[in-house]
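Using the sequences and the hints given, assemble the complete structure.
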Amino acid sequence: MLRIFHNTKYEFVKHWRLSAGLTIAFILAGLVTFGITGGVNYSIEFTGGTLMQVQFKQAPDVADVRNTLDAAGITGAEIQQYGSNTEYTIRARSETQVEAQAGGAEGVAKEIQTALDAKYGAGAVTIVRTEAVGPKVGAELRTGAAMAMLIASLFTLVYLAIRFDWRFGAAAVLATAHDIFVTIAFIKLMNLEVSLTIVAAILTLLGYSANDTIIIFDRVRENLRKPHKGEGLARILDRSINETLPRSVMTHATTLAATLALLFIAGEVIRPFAWVMAFGVFVATFSSIYVAGPILLWIESKYPREAEDRTMQAMRKGNEPAAPSGRSERLAAR
Amino acid sequence: MANLKYRILLIVGLLAASIWALFPRTVVERVKRNGVFVYDTVTRVPLKRGLDLQGGMSLALEIDESKQTVADKSEALDRAIKVVRQRIDEFGVAEPVVQKVGTDRIVVELPGIDDAERAQDVVQKSAFLEFQITDKTQALEKVLPRFDEIARANGLSIDAAAAVSGDSAKPTTVGSLLTQKSDSAADSSKAVAGTTDSTAAAPATPAAGGLFSSNIQPGQIPGQYIVPERAYLAMSQALELPAMQAAMPPGKVMRWGVDSLATGTERFRTLYVLDSRPIITGEALTDARPSTDPVEGNVVQFTLNNEGARRFKVETGKHVGDNMAIVLDQRVVTAPTLQSAIGRNGQITLGGGTLQAAQDLALVLRAGALPVPLKVMETRQIGASLGADSINKGIVALGVAMGLVIVIMVGYYRFAGLLAVAGLTLYLVYTLATLAGFNAVLTLPGLAGFVLSIGIAVDANVLIFERIREELDHGKSVRLAIDEGFQHALSAIVDTSAATILSGMVLYQYGTGPVRGFAVTLIAGLVASLFTAIFVTKTFFLIWLNRSRGTQTLSI
Numbered sequence: 108m109l110r111i112f113h114n115t116k117y118e119f120v121k122h123w124r125l126s127a128g129l130t131i132a133f134i135l136a137g138l139v140t141f142g143i144t145g146g147v148n149y150s151i152e153f154t155g156g157t158l159m160q161v162q163f164k165q166a167p168d169v170a171d172v173r174n175t176l177d178a179a180g181i182t183g184a185e186i187q188q189y190g191s192n193t194e195y196t197i198r199a200r201s202e203t204q205v206e207a208q209a210g211g212a213e214g215v216a217k218e219i220q221t222a223l224d225a226k227y228g229a230g231a232v233t234i235v236r237t238e239a240v241g242p243k244v245g246a247e248l249r250t251g252a253a254m255a256m257l258i259a260s261l262f263t264l265v266y267l268a269i270r271f272d273w274r275f276g277a278a279a280v281l282a283t284a285h286d287i288f289v290t291i292a293f294i295k296l297m298n299l300e301v302s303l304t305i306v307a308a309i310l311t312l313l314g315y316s317a318n319d320t321i322i323i324f325d326r327v328r329e330n331l332r333k334p335h336k337g338e339g340l341a342r343i344l345d346r347s348i349n350e351t352l353p354r355s356v357m358t359h360a361t362t363l364a365a366t367l368a369l370l371f372i373a374g375e376v377i378r379p380f381a382w383v384m385a386f387g388v389f390v391a392t393f394s395s396i397y398v399a400g401p402i403l404l405w406i407e408s409k410y411p412r413e414a415e416d417r418t419m420q421a422m423r424k425g426n427e428p429a430a431p432s433g434r435s436e437r438l439a440a441r
Numbered sequence: 110m111a112n113l114k115y116r117i118l119l120i121v122g123l124l125a126a127s128i129w130a131l132f133p134r135t136v137v138e139r140v141k142r143n144g145v146f147v148y149d150t151v152t153r154v155p156l157k158r159g160l161d162l163q164g165g166m167s168l169a170l171e172i173d174e175s176k177q178t179v180a181d182k183s184e185a186l187d188r189a190i191k192v193v194r195q196r197i198d199e200f201g202v203a204e205p206v207v208q209k210v211g212t213d214r215i216v217v218e219l220p221g222i223d224d225a226e227r228a229q230d231v232v233q234k235s236a237f238l239e240f241q242i243t244d245k246t247q248a249l250e251k252v253l254p255r256f257d258e259i260a261r262a263n264g265l266s267i268d269a270a271a272a273v274s275g276d277s278a279k280p281t282t283v284g285s286l287l288t289q290k291s292d293s294a295a296d297s298s299k300a301v302a303g304t305t306d307s308t309a310a311a312p313a314t315p316a317a318g319g320l321f322s323s324n325i326q327p328g329q330i331p332g333q334y335i336v337p338e339r340a341y342l343a344m345s346q347a348l349e350l351p352a353m354q355a356a357m358p359p360g361k362v363m364r365w366g367v368d369s370l371a372t373g374t375e376r377f378r379t380l381y382v383l384d385s386r387p388i389i390t391g392e393a394l395t396d397a398r399p400s401t402d403p404v405e406g407n408v409v410q411f412t413l414n415n416e417g418a419r420r421f422k423v424e425t426g427k428h429v430g431d432n433m434a435i436v437l438d439q440r441v442v443t444a445p446t447l448q449s450a451i452g453r454n455g456q457i458t459l460g461g462g463t464l465q466a467a468q469d470l471a472l473v474l475r476a477g478a479l480p481v482p483l484k485v486m487e488t489r490q491i492g493a494s495l496g497a498d499s500i501n502k503g504i505v506a507l508g509v510a511m512g513l514v515i516v517i518m519v520g521y522y523r524f525a526g527l528l529a530v531a532g533l534t535l536y537l538v539y540t541l542a543t544l545a546g547f548n549a550v551l552t553l554p555g556l557a558g559f560v561l562s563i564g565i566a567v568d569a570n571v572l573i574f575e576r577i578r579e580e581l582d583h584g585k586s587v588r589l590a591i592d593e594g595f596q597h598a599l600s601a602i603v604d605t606s607a608a609t610i611l612s613g614m615v616l617y618q619y620g621t622g623p624v625r626g627f628a629v630t631l632i633a634g635l636v637a638s639l640f641t642a643i644f645v646t647k648t649f650f651l652i653w654l655n656r657s658r659g660t661q662t663l664s665i
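Respectively, the protein sequence lines represent chains A and B.
At position 268 of the first sequence (counting the first as 1) the number is 375 in the numbering used here, and the numbers step up by one without a gap.
At position 105 of the second sequence (counting the first as 1) the number is 214 in the numbering used here, and the numbers step up by one without a gap.
Keep in mind that the hints were calculated from the coordinates and are not lab data.
One or more of the hints may lead you astray.
Said to hold, decoys possible - Cross-link-like lysine-lysine pairs, in silico, DSBU-like; alpha carbons within 35 Å at most: (1) A:K116 / B:K585; (2) B:K585 / A:K333; (3) B:K502 / A:K164.
Stated by the list, open to error - Sample of chain A residues lacking proximity to chain B, with all beta carbon distances greater than 12 Å (derived): (4) T144; (5) P167; (6) G228; (7) K336.
To be verified - Okay, the calculated bits of chain A under chain B, using three or more residues with CB under 8 Å as the criterion: (8) 239-249; (9) 321-328; (10) 354-360; (11) 363-371.
Cβ coordinates follow ideal geometry from the N, Cα and C atoms, glycine included.
Here it is, written out as structure tokens:
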């Protein structure tokens, strides 16, 4: 059979300083761009305002479009090319424009359409998509998204605390927190627009990364139950990561394949989602090995479990037929 | 053996049910034929597509309390929903959604709508109809100085320069406006004939300077005034002021006309002074139909109920020779002269309006007035072509993802990989069938989640296969290795799925529209993937073991 990463004995955990340095540097890079260019680029759903995707018959001059809108009183609109050079998105969301939508969200969209029709002639401009969000709805969605993230993390913590030991749960949740930070740094560095779809992508990423951590922790739990002859948690962790390595590589490969298909084929609307998920594959790999593991060790060093007790129990139970043979083989391999 | 038979039976049964659930079927639904919606039978796959995939518009509406406060919002909203629903049903939309969200919001989804503005108008128009007699006592002239004072006190005026140039231009423009108006006579040729002398008798323009006194010109009929467009904004703001309301002549109200008139370069608005007590309101209407009259153009003919008809006849009889303004949502549509008493049937002339406008007006009048004004909190509108484009690209991405995963799985796990791919195919069918069965809506993020799930769904298989390899390494027989592989991988699979389903539920709870579609797809996908990995693939292995009894090698 074809095998990759079979019977590896990499020492992962001892590189925790290097990995911590890397991830902190990445998060700092994100923070620095925050300092330079301001907060993340929120979508219309969150800021309130008007988004219009328009298709021109002929490629227009962007400055021309901007002047037309300025003349119509829609000042400071963000105009961006979207895909081909005949399609543009127009975002009007200055404070006054958002406030103007409190009485009726559709007003600004109508003004934009009238202005463009007057300039380019009716029929030369097609409105492909319109989103107009009043300030109240925007505020509600912001709270909703934040709540969703918080509650999802909380659920993970509680579930893991029940299924595993609280130490595992805490380590997994801290790793999740780490994932949130690096993902936000990534979104900021890539200048992706944070929409509800991106929030969905972040939650999926968190779930995917937690999965990876759970797979490794599940193996650690199993290896702890088996007799491990005073082997320290660090060694067991390394061994568990190595044992689950083929699975990790395979799953990440198939997930990345699906993500790349989305990224390159599924079109402009879904691309930010695909970017976050593509990044997620790497975050999951990294954080489950280099973040969750070391954190678990750190927690363990502060609040040690009664390790000897467990080992003794396991030793006593260890006379079932399957386990010893497995162990001897593994020991022999070492 | 019996065990295996039941397993196969269950898988095949579910597959049959899934295919049945997904099989294109004939359904009766509203479809567009030559531009109008009709009930017809269509054959299609029974998967509901979200607005972002089929194009259409969604509106979130709330009670507009900027003009008046509403005591029992929830109750008012329920009544409003009824009216909105009836209007949309008559408007003709394929599978519209009108629902209450929370206690204070209505969400309206109109798939396949391409004229968003018109649709929104039909939903949002208050359609509050009043018939009011215009003022003929020249009550306005008496209070103009007071109006000017209030406007000045509140700092409302049009730019001084613009006012000066406007003053010099006025005599000619108003004159030509009047002649032009009597030519086109859009609203009421009868009215003009009877009112020329009242225009002449109107007092000369009062001293310049005040916002109102310098910009208001008497119109052609009693109670009608003409205001230049540039003064419209300042004046309508001034008229909203509470002080202004208090200064209004007793028993009178002021209303703007619906359309503006143009003469040469300048545009004018009409302003009416009306008796504040309406003769009747739209509540007395029992029917309204659009019609085309050779003289009047497009009109809406209405029928009143018994009580309304009686009252209308008495009141109009008293006011023969006067003008009666037909006021829709506080705007004067037309103000014809009453030639005689009107009974049960009347008509509203839409000066120059299109037949479609007449149809829409008749529709909203029939469905009744909205009990409260509604304002739009959020609107999304997606062109049908963008939706179709998204579906096509999504399906291609699905195919490519599937192809890549097949290559990776079969390339690495060989025979076992083939079994996993067969399981994956079943997974796709089951997931789609679950979505169809629960009438869930497939959105663009949902489609993306579905593509992604193909990559993630094999995770369970990978976990199991790696376990089987480990067990085989430990020297176990093929049958035992498969058995223990499944058993040992189970806890990890259940834990990961449970954690993800939990976050999917959170997403469903807090998400809206498209994101909810994503959460539903995620959860349906996970359940299906659990079933195919643990149950279906295992059954495949068992079948294989059965056929090649005593085999010592497994291609994995």
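#### Entry: Violations among the numbered hints, reported as their numbers in ascending order
none
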